[in-house]
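Starting from the given sequences, assemble the full structure and let the hints guide the process.
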Amino acid sequence: SDIHIERKLRSNRRDVLRRGVEAVEYARSLCEDVEYSPEDAGRADPEYLYETLEAVIDAGATVVNIPDTTGYTLPNEFGALIASIRDNVSNIERALISVHCHNDLGLSTANSVAAVL
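Residue numbers (our numbering): 1 to 117.
These aren't lab readings, by the way, just hints derived from the structure by calculation.
Ideal placement from N, C-alpha and C gives every residue a C-beta, glycine not left out.
Misleading hints may appear alongside valid ones.
[As the list claims (entries may be wrong)] Restraint ranges, calculated between C-beta atoms of paired labels, are given here:
| hint | residue 1 | residue 2 | range |
| --- | --- | --- | --- |
| 1 | R13 | T70 | 13 to 21 Å |
| 2 | L105 | R14 | 31 to 39 Å |
| 3 | S29 | V113 | 34 to 42 Å |
| 4 | E22 | T109 | 30 to 38 Å |
| 5 | V116 | R94 | 33 to 41 Å |
| 6 | P46 | L96 | 18 to 26 Å |
So this is what it looks like as structure tokens:
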């Protein structure tokens, strides 16, 4: 999310995307399976999230992990997010999708189930 990019990473979208691609490329030089996790994906701008996922998959990510870092999303929202990733990331078939749901609001199990439906 832009909140994490600006406040936690003290960066901008372009640099975070570049660093993600570089990290995946470096990791692939060391091993075959690389997982990429865009922190706070539940609150991210969907178009930026799709762009980021496409770029890291092109760079060699074999798993994309979609976290609900703050436990902020509701099950219908998280399920819709995963469905939209499947529909809008052109190379998603080249990577597995995993999820990491936090339980701040007691919804981690429900969000995880919604992600696979």
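Hint by hint, here is what the structure shows:
At roughly 19 Å, the beta carbons of R13 and T70 sit within the given window of 13 to 21 Å. At about 32 Å, the beta-carbon gap between L105 and R14 stays in the expected band of 31 to 39 Å. Taking the beta carbon of each, S29 and V113 are about 36 Å apart, inside 34 to 42 Å as hinted. The given range of 30 to 38 Å is respected by E22 and T109, whose C-beta atoms sit roughly 35 Å from each other.
With their beta carbons about 19 Å apart, V116 and R94 fall outside the hinted range of 33 to 41 Å. Look at P46 against L96: about 20 Å separates their beta carbons, and that is inside 18 to 26 Å.
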